[in-house]
Amino acid sequence: MNLGAFLIRRLWQMVPTMLGVVLLVFFLFNWVGGDPAYILAGKMANPADIANIRHQLGIDRPLWEQLLIFVRQIVTGDFGNSWATQEPVSAIFRSRLGPSLMLLIPMMLLETATAVAVALAVAAWRGSTLDRALMAASTVMMSISLLVYIIVGQYVFAYLLGWFPVKGWSDDFWRNLTTYAVLPVLLGLMVSIAPSVRLYRTFVLDEIGQDYVRTARAKGLSEVRVLLVHVLRNAAIPIVTNVLMGLPALLTGAFLLERFFAIPGIGREIILAVERSDFPIIKAATVYVAMATMLANLLGDLLYHWLDPRVHLE
Amino acid sequence: MINHMGRLLFILLLAVPLTGVAAAPEKVLHLALSAAETGFDPVMTSDLNTASIEQQLFESLLTYDYLARPAKLVPRLAADMPTVTDHGRTWVFRLKHGVYFAPDPVFKGAKREVVAQDVIYTLMRFMDPKNRSPYKFLVEGKIIGLDELAAAARRSGHFDYDAKIPGLEALDRYTLRVRLKTTDYNFAHAMAQPMYGIVAREVIEAYAGDTASHPVGTGPYHLVRWVRSSRMVLERNPYFRHETWNFDPGNDPDSQHIAALMRGKTIPQIDRIDIQVIEEPQSAWLSFGKGELDMVGLAGQFAPLALQGDHLRSKYAARGIRLDRISDPSIAYYFINQQDPVLGGMSPEKIALRRAIFMAQNDEEMIRVIHKGQAVRNAYPIPAGVAGADPDYRSVLDYNPELANRLLDQTGYARGPDGYRRMPDGSPLAVRYTSSLSSQDRELDEMMKKALDRLSIRFESEKLKFPDMLRAERQCRVQIRLSAWIADYPDGDNFMQLWYGPHTHENNASCYQDPQWDRLYERTLTLPDSPQRNVLYHQLARMLELKGVTKVSTTHIRNVLSQPWVLGFKAHPILPSVWAYLDIDTARAPRE
Amino acid sequence: MLLSVRNLQIGFQTGKETPFEAVRNVSFDLPECTTVALVGESGSGKSVTALSILGLLPNRITRMGADSRILWRGKNLLDQGEAELRALRGREIAMIFQEPMSSLNPVFTVGEQLMEGLRLRLGMSRKQARTRALELLSEVGIPEPGRRLDAYPHQLSGGQQQRVMIAMAISCQPSLLIADEPTTALDVTVQRQILELIRSLQQRLRMSVLFITHDLALVNEIASEVVVMKDGQVREAGSREAVFSSPEDAYTKALLACRPPLGERPMRLRVIDDFLNGHSLQDIPLRYRGSDPADEIVLEVKNLEKGFPVREGLWRKRLFRAVRDVSFQVPRGKTVGVVGESGSGKTTLGLTVAGLLQPDGGEILFRGENLQVARARDPVGFRRRIQIVFQNPYASLNPRFTVGHILTEPLLLNDIGGTAAAREKIALELLSRVGLPRDAFMRYPHEFSGGQRQRIAIARCLSVKPEVLICDESVSALDVSVQAQVLNLLQDLQDEYHMSYVFISHDLSVVRYMSDQVLVMHDGAVVESGDADELFAQPRQPYTQELLSAVPKPWNP
Amino acid sequence: MPPNASPGLWTLAWRRLKRDRVGMISLAVVVAYLCMVFLAFGGWIAKDWTREVGVNYAPPVFLPDDQDPTAVALVKPVAQPDQVDLYGLQDPLARQLAQIRAHDPVGAQQPIVARRLTLPLGGDKWGHDVLTKVIKGSETSILVGLVAAILATALGTLMGALAGYFGRWVDDSFNWLYGVFTAIPYLLLIFAIAAVLQQKGVSTIILILGLTGWTGVFRLVRAEYLKHKSREYVLAAGAMGASHARRMFIHILPNTSHVILVQLSQNVVGFIKSEVILSFLGFGVPVDVVSWGSMLNEAQNELILGKWWQLAAAGTAMAILVTAFSLLTDALRDALDPKLKY
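Chains as they are written, first to last, in the numbering used here: chain X, 5 to 318; chain W, -14 to 577; chain D, 8 to 564; chain A, 25 to 366.
Since the hints were derived computationally from the structure, they do not count as laboratory data. All of these numbers come straight from a predicted model, not from anything done at the bench. All C-beta atoms, glycine included, are put in the ideal place defined by N, C-alpha and C. Where hints are given, some of them may not hold.
To be verified - Dumping the calculated BS3-like pairs for lysine-lysine here, alpha-carbon to alpha-carbon at most 27 angstroms:
id: 1; chain 1: D; residue 1: K560; chain 2: A; residue 2: K253
id: 2; chain 1: X; residue 1: K47; chain 2: W; residue 2: K275
id: 3; chain 1: W; residue 1: K275; chain 2: W; residue 2: K81
id: 4; chain 1: A; residue 1: K71; chain 2: W; residue 2: K434
id: 5; chain 1: X; residue 1: K47; chain 2: W; residue 2: K127
id: 6; chain 1: W; residue 1: K115; chain 2: X; residue 2: K47
id: 7; chain 1: X; residue 1: K47; chain 2: W; residue 2: K12
id: 8; chain 1: A; residue 1: K253; chain 2: D; residue 2: K472
id: 9; chain 1: D; residue 1: K432; chain 2: D; residue 2: K472
id: 10; chain 1: A; residue 1: K251; chain 2: W; residue 2: K435
id: 11; chain 1: W; residue 1: K57; chain 2: W; residue 2: K149
id: 12; chain 1: W; residue 1: K96; chain 2: W; residue 2: K166
id: 13; chain 1: W; residue 1: K166; chain 2: W; residue 2: K115
id: 14; chain 1: W; residue 1: K115; chain 2: W; residue 2: K127
id: 15; chain 1: W; residue 1: K115; chain 2: W; residue 2: K149
id: 16; chain 1: W; residue 1: K250; chain 2: W; residue 2: K12
id: 17; chain 1: A; residue 1: K71; chain 2: D; residue 2: K324
id: 18; chain 1: W; residue 1: K81; chain 2: W; residue 2: K57
Said to hold, decoys possible - Not close to chain X: a few residues of chain W, all C-beta gaps over 12 angstroms, as computed:
id: 19; residue: A20
id: 20; residue: E22
id: 21; residue: L271
id: 22; residue: M454
id: 23; residue: M528
Can you build the whole structure from these sequences, using the hints too?
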């Protein structure tokens, strides 16, 4: 079927999912999300103040009305202002996205590049000692908790050895990329790279077993060409989609790094929002990330189709 | 694509060693906040971190002397101290002339002077329901006519700032008269709060809805960059009036040393203040160690690193790092909800139970193990450095598990077959301790568990997010909790009101309503800081103990470390920040 | 001599065990521009031999015999380095495989794959390569090559894919083409065309062909020399005439004999064992098959319709009609054969009749009663009346069950036998009935060969005493020798229990042999039907005629 | 009864596993841990981890002793109610206190128990023995991991089976649920679920992990069922009159067991690691329970103080188990792979 129709249908299918997400989050957080009025009211607040604040935040309205407002916010994309700081939510996320991506994209690129390279290598020498050694090493690497990596890494590499700044963030893109992001990214890689290596290895191995590889060899192509052109081109299909669909999760997943290295990213923002019961931000975060996830999946499918002529848009 | 990524990897790895950018000749102060700020509209903020910045952006009528101890009120925007007449009911403030707001587009390039009307507007804002100000309690119910205005606004939904009220009158361009409903000697303290920094009406109205990110004040600094809950950069306010550093050091050697260094310098000396938010104390401490931060508040758990006993460890002293160590004007106190079905009530066995629980708390151990010695045992509700404090006060609730157990045996809390005590009527007994999710609080949970184990009373833990905890507390649903209070202003009343019956559902978290106590308290309100008042305070404090309402446990010690190139720093008990009074020795400071 | 293989010895080393001997001192010669056929059933080592010539076996686990030699124009390929071998591959020796679909790289266009060889091996420029590729495509008889060149493999039919493979193989004018079961995966008509193509190319390009197959009949059509292999050894080798007219080896004889002949219909087919332990090879009485008005009708299918929804455009779904208005009757104790090429809807028909798919239209009458209604009324009772034996003997038995479990479960479900002991007894009887040892009872399917599994599957059906047995390509996946055994078994069972068969297959000779009546299906519809013998003797429909003419002719001197 | 019973796929898998040396070693390690858990659970070892046997931050025995003099306990004389000025107030408990004193004057000093200056693997800030803590902690962490993994896998398998087998609207609705759960940011999902399950305790952690962790299993199991439901052995079973339930759970389930088992063990590993993060977020085990997560979070600040032993102990114990478990998982995957014959 043609692309347009496919897109329309997929976008249409997103609606019920989005609805589920919205309802779940809305009711969970309305039910147990805590009442921000009490912090906002300050040390000496009296019930009248509390009531006044609740009124201003609109949390004294009936649930269905609040839900309606929520839905309108999603449609208009305007989630109002943060309860904690009166700042427009959209502005907050705009300022948070950059740093998150700054961690995210290098991490993803490095991860994919190294993982693919290693995967190809070990697949080429599958069953050899190199293969087993690398696999074992990666297993050990991913068996250590990220928390430990961060604590020790920050202490050793930043403090004792002083190779990196201990924490921080600047306004200068290159400075961030070359100074502040380096250690967090590397520490992040420690845990994230091993699983991808293992996964991609299986992808590559699956392809190496295929008949067309035998054909390519029978044509007298060099092993290198067989691997880098015929095998990789096929293995790239699951790899690319895998990477793509992993992205949104990472967006919020880096909160540990963000907290320890004082990086103003989204994950940290969400934790802050939850601690302050800053509902507008929680709502926005959920919706944004949910959207991102679903779009990433859609994009993944499109890419899949584009990379693999056999796949038909369904 | 692979070799492309390879190149990127290469860049990143090469990039590792080289840090820092072009050197700047100016004096820059690098600081860290332990928690995110909450926006810079003074009327809406309440937390210390934000206040420390607002202290530099805005100016209140009065402030506290930098060096004087105990804290002493001095004029800031006011030309001199207010004249107070008819038993502290009428206050007249005269403003300094030629004080200008920091430049802002709203003023269209013109210099905008501060006048009495601005003060009136500022005070009125606190009562505007729209602003839901956390600090309006300092003026609420005090100024004649203001509360009526607020009531009207609540009805109409619109606060009439142009209204003339008897409580707030501008006698001339620079003179303001405030009329209070009742005697209140603490009004001066209210006018010294950073939140009561003066703002310009046109600015507030121009940025209506987003005032939080457009702070325009008269302070020595103005905000030039703000990455929310991450980074704030202050630069000296070009329009700041000429002020020179001359504070009276008294006879304290440190102060004299500082005065010698700083006297005669114009305020402020430092051109730029670069502030970052660092939640993880580990990160903050490590980056101070590397000289990335110029000053750091030493988190309790790291004290042993920097301190030997109460002195700086030699390796830091050798580096010229300075330690400022003062006891906070704060108390940490256990309270028990007097309305709780299990623990509440005034029958002897209930009182005994509560006092036993209090007596089982080992404050010394808490100070040693959790606060790493960075706190002192203080049993009196009013901490040192606050008017009405009594360092010699002795508690009846000091750690004494044996007596506590005896008391319980005596009043019929027999141990059941499972080894845990039962209520006198034989029904099961468990104490629910409420705390937040932070790791610090986890240690406190362990303390409480140990304490209750000593009494063989069953321990239950209730973990709540901070807002939920506050709500539970205000609704008298908490059973027992270790709470803390830090002085808004250095007067005992700011503490004693914590148990005032009418403040139940506000900040009388123990929900203690005792006519006898309340009457005594009300009498203290009519008195200025004086021996008579102290007598009453002692009775109030003792009554809280005897009835097992509360146990004041400890007072924290604030340790501030500053790098050798930071000049003129002395920790102040009340002022949230004193950056304007500092200087930096650029010769010693590391080049950026 | 172009290629001569001398006592080739190939073992595979997996883990610590002693290597598994796939090929044991095989020797044969392959002269210039001739076609030699390497014949053998699965596991005979024919493909391994072929791959070893190109050195395409996984070196890590392959163990070559010490004195094995593969002489290419006199020099031994086994002691050539990887580089030399690669120089040979594609240039001198080219190869095509059984599965054209999976043998082509799915993500590159036909053109890219064709040109890759031309540019890398012959150093052609892009333009030259493209023009050459076009020539090649037209040479292997692909219509409008211009369009095909930029098509992806999956957009071509199986036949065209195999043609592309051949085009790739001949692109560098090799002197030897190794064709490993090149037609096995194709329909008979296509098979015919591919054979023609290979033969003509062989002559035009004056190259040699090593043709590997399991089907003697094909050999007869293409090869001049034949090498028969079994269990990794050469059983017989010689000119086509010699091998076909006077086979020496019992196995060869068996292979020749156990294909059901198109002309006559013996009572039972001869099987390997008959030859190996020299049973009476005297002529077997013939069997008559055909319909008879007296037949009692067990199953009647009326205007059966079955379709599958295919998404089209935004929301619309089109119905793909897999079975269109099919009607037939199945008499008691007789066989209705259903023949057709892949995609003709014969399998769907089978599943629908078996009740595993719900028909969209028409009705299925079992002894005059609508089956759906009957099943609704008495699910257990009616389900078992019609059973089905599937094609793939590997997928049709639950690998986690013991054979005993597989056989007793249906009994349990249809509460036959009563006690566990009784059910076990029945199961054991069934085992012996389908000719399996008692101890099979406790074993697992993976321990059995394809033929044995098919027997187990049949036994499972018998256990519920069905009246109609649907055999969906039930013997197609089996080697010919095994095929014969299973066919005999089916015949015997029919004689014994008077079951009715619906015998579905693409193999005309098998269908003709088994059936009383035959339906020829094409695109879901029945194009022709009638008594087997008449229909095969003088087919009326052109499609049927085409089918029949495509069937490889057996050796007749 | 027929003679020689012959090896089923499980037996064959076990044979293959036994041939894998790495697999067997890791299996041994895992079993060792499980034994430890069992013993600790039964209260035979590490029962009294709450006892404060050492001085605060007692260093490991193998370290030179560098105790901070401030660390030794100081005991102050305790004020007696009768010694302090009541400022003219009446003590409501005067009578009771008098009676107590009538018995005998309260000895203010409680006996000071001698604390050890060093411990095998050092002590934490209270003087708990880190060794016993690690053992007790592994009990909690492993139990959490196992039970949560079983919960998640069971959920995922059931839903996946239903969705994959029945398809159509059943499939749609489960896919919807899957979509929702995967679209919500994991962090928020944790917070939300944690908030819903107010009561603190190990069960909460298990539920959080279980309720968020099923999605991966679901996806795979569903795919398996889609594949198997049209397999001929299932069709045949249908033709024999086997019920849906029978086909789903008796026929197909065993054939997807390798997928499920591998998922299970992967989840165990994942959840043991997640518990650490949960503790960091404050949703860890209650105070009277110790887990690797709670230890690592305590150890966070200790490292800078130079008290690295708790971090090291907990970190290593965890790393070893997780490594062994992952290697075992790989070995299992190979051993159970139905594609491989004997």
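Verification of the hints:
With a C-alpha separation of about 41 angstroms, the suggested pair D/K560 and A/K253 falls outside the 27 angstroms cut-off, and the hint is violated. Between X/K47 and W/K275 the CA atoms are separated by roughly 37 angstroms; this puts the pair beyond 27 angstroms, and the hint is violated. For the suggested pair W/K275 and W/K81, the alpha carbons sit about 43 angstroms apart, so the restraint of at most 27 angstroms is broken. Between A/K71 and W/K434, the direct Cα distance comes to roughly 17 angstroms. Compliance with the 27 angstroms bound is thereby established for this hinted pair.
For the hint pairing X/K47 with W/K127, the CA-to-CA distance comes to about 18 angstroms; that is within 27 angstroms, so the pair holds. A threshold of 27 angstroms between alpha carbons decides the hint, and for W/K115 with X/K47 the separation of about 18 angstroms falls inside it, so the pair holds. A hinted pair counts as satisfied when its Cα atoms are at most 27 angstroms apart, and X/K47 with W/K12 does not qualify at roughly 37 angstroms. Restraint check for A/K253 and D/K472: satisfied, since their Cα atoms lie roughly 25 angstroms apart, inside the 27 angstroms limit.
Restraint check for D/K432 and D/K472: satisfied, since their Cα atoms lie roughly 15 angstroms apart, inside the 27 angstroms limit. Taken as a hint, the A/K251 and W/K435 pair is broken in the structure, with Cα atoms around 58 angstroms apart against an allowance of 27 angstroms. At most 27 angstroms may separate the alpha-carbon atoms for a hinted pair to count; W/K57 and W/K149 exceed this at roughly 33 angstroms. Taking the CA atoms of W/K96 and W/K166, the gap is near 36 angstroms; set against the 27 angstroms cutoff, the hint is violated.
The hinted pair formed by W/K166 and W/K115 meets the criterion: a straight-line CA distance of about 24 angstroms does not exceed 27 angstroms. At roughly 20 angstroms between alpha-carbon atoms, W/K115 and W/K127 fall within 27 angstroms of each other, so this suggested pair holds. Only pairs whose Cα atoms come within 27 angstroms are accepted, and W/K115 paired with W/K149 is accepted, the gap being roughly 20 angstroms. Our distance criterion of 27 angstroms between C-alpha atoms is met by W/K250 and W/K12, whose separation comes to about 14 angstroms.
Distance check on the hinted pair: A/K71 and D/K324 sit about 66 angstroms apart at the alpha-carbon level, beyond 27 angstroms; violated. Between W/K81 and W/K57 the CA atoms are separated by roughly 19 angstroms; this keeps the pair inside 27 angstroms, and the hint holds. Annotated as non-interface, W/A20 brings its C-beta within 12 angstroms of a C-beta of chain X; the closest such distance is 9 angstroms. Look at W/E22: its CB is around 8 angstroms from the nearest CB on chain X, not clear of 12 angstroms, so calling it non-interface is violated.
Listed as a non-interface residue, W/L271 fails to keep its Cβ farther than 12 angstroms from every Cβ of chain X; the least gap is roughly 4 angstroms. Not every CB of chain X lies more than 12 angstroms from the CB of W/M454, the least distance being 9 angstroms, so the non-interface label is violated. The Cβ of W/M528 lies farther than 12 angstroms from every Cβ of chain X, with a closest approach of about 22 angstroms, so its non-interface assignment holds.
Violated hints, in rising order: 1, 2, 3, 7, 10, 11, 12, 17, 19, 20, 21 and 22; the structure is consistent with all others.
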